[in-house]
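Student: Protein sequence lines correspond, in order, to chains Y and F.
Residue 341 is where the first sequence ends in this note's numbering, and the numbering goes up by one at each step.
Residue 297 is where the second sequence ends in this note's numbering, and the numbering goes up by one at each step.
In short, the hints are calculated from the structure, not lab data.
Using N, Cα and C, we set each Cβ at its ideal position, and we do this for glycine too.
Okay, derived cross-link-like pairs now, EDC-like style, lysine to aspartate or glutamate, Cα gap no bigger than 16 angstroms in a straight line:
| no. | chain 1 | residue 1 | chain 2 | residue 2 |
| --- | --- | --- | --- | --- |
| 1 | Y | Lys64 | F | Asp130 |
| 2 | F | Lys185 | Y | Asp40 |
| 3 | F | Lys11 | Y | Glu233 |
| 4 | F | Lys185 | F | Glu170 |
Chain F is faced by these chain Y residues, among others (derived, beta-carbon under 10 angstroms):
| no. | residue |
| --- | --- |
| 5 | Glu44 |
| 6 | Thr48 |
| 7 | Ala51 |
| 8 | Thr54 |
| 9 | Leu57 |
| 10 | Val140 |
| 11 | Ile150 |
| 12 | Val259 |
| 13 | Trp294 |
Chain Y regions said to be covered by chain F (calculated; three or more residues, Cβ under 8 angstroms):
| no. | segment |
| --- | --- |
| 14 | 121-128 |
| 15 | 226-234 |
Read off the chains here:
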Amino acid sequence: MKESRARLGAARADSLFELSVTVVAGLTLALVWTLVAKMILDAQMSISEFGPGFVTSGTWDPNRDVYGALPFIFGTLLTSGIAILIGVPLSIGIAIYLSELAPPWIREPLSFVVELLAAVPSVIYGLWAMYALRPVMVETIEPIFVALLGWTPLFQGEPVGLDKFTAGIILAIMIIPTVASVSKEAMMAVPDSQREAALSLGATQSEATRIAVLSYARSGIFGASILGLGRAVGETMAVTMTIGNANLISWSLLDPGQTMASLVANNWGEAQGLQLSALIEIGVVLFIVALVVNVLARLVIGRFTKAVPATGGGL
Amino acid sequence: MNTYAYRKLKDRLASALALACIIAALVPLVYILVEVIRAGAPAIDWEFLTSRTKGTGEAGEGIGNAILGTLLLVGYASLIGLPVGLLTGVYVSEYGNNRFGTTVRFFNDVLANFPSIVIGLLAYALVVDLLNVGFSLIAGSFALAIIMIPIVANTTEEALRLVPNSLREGALALGVPRWITVLKVLLANARAGVVTGALLSIARIAGETAPLLLTAFYSNYWSASATEPIASLPLTIFRNYNSPSDVLLQQAWGAALVLILMVLTLNIGVRLFMMKRKKNSKAVKKTWKTRLSLRA
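In isolation and in its complexed conformation, chain Y is listed as follows (with noise of 0.2 angstroms):
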């Protein structure tokens, strides 16, 4: 009698810790959503004054109260492709490297010093170019394009280092470490045989990694460039310490910009009514273009693992 009591006494802590670590689990899902709703309800007012009107007008003027987010929608595309033009070549060279070419005993040391990337945070990037790389951008870079590229609309204009273009560089040189180990993961996850198969048939090893292995990462690597335009896309203290901050939209890379990010970072000490509110749209806009990017992320990249049997080697 007592022992089936004490059996059953058993069975309930049991089950009340599966209830609790459940509803702990449940808590954040459903904390976050519930904020997300009460965000869209802070950015109502600015919702029902401009409508849909709000991401096509290029208008942002606290002094008449009329906002619209084109020229940071523009700013926020702009400065991602450059990220994206520069930084994921970059890191599938690494990639290629790390998984391909590097010698076993370097490969852990150097993925992890690629990886230390990531961890220095964002608003000492944003010191480091002002002071570092501005002057590098101003005096060789930026005179570099201008000679070669200086007929297209994307360099008119002096350099001045405070541009969408060092924000764009900036933020290569912060989604590589994303970039580079989501592919790295994905070419060592391509079983060896297909590598001995090109090789065996008289291909270089550089032959072999374009045949056998970047076609098969494909996937994978696609994945990885939609992580790190998420990464990119949602940057904020690096962006605005470099980007110049003006609500223009041009396309000359060396006219000073803004992104979406930059301008909640900027205006969110003083704004208020319906500033506040046209600024916590602009967040839900921010918050629905990182939703839409990172699902789609998963999904390619959750495919690329799927269609690669476990050899240990996946994500």
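Got chain Y; can you put chain F on it based on the hints?
Tutor: Relative to the frame of chain Y, chain F by itself:
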């Protein structure tokens, strides 16, 4: 044209290019470290570390209140984030083999990759706006905790998954209730991975800036009150990076040095310590990756 010599040359070039890519990525890292140490080190002395920021650029400015603020923010955030993250990880690994578990896992992965400024906006919506607390230590800690939860949950889950099933079966076969099995057998075995994840998540939130800008704001005074704005190292850098005053700029570099030392010590220390314990190296590698949210 497609001779062996030409293909060999192409092969060499491709290898050199890949090596160049990795060097191109390491240059900024080394340059940042060198620059922060070079510009930050002259600022560091006892007075600098123990007196408060004034924001005026007079002599005698320090970052003591910012160091205290960062410690408080990280401490309060850990009070919320560590237990919630740990229990979420336990749920997903041990009880989450169902639809709800998959959902929780998926959203934790998504949340881990969310822009921190959006997390800041969420925390603002709850603490500053809904609860009407205003810019405060508690709002900042809450934002940091939301960032922390998915990281701790994912690393805990990975660590628990590496515990062999025979241990679960053995404990249950001996008549140990399931919840005691989880707490005393599984978590004890996975503790290296769990602790690693917790430390890495602390390193991550210590450097967060955007969410604090939106929630904790800043104060030039010594403050430990939960409902008052509070200083932090990242925001000290952000407020002063563009300052015309040399003293304030120096303050930003000094704060950057202290911050980067904190973050890198945690990252490298955890890694080195765990590398020594070879037994756990697999768990550590996984944890490291999960911290970066690189898991699919």
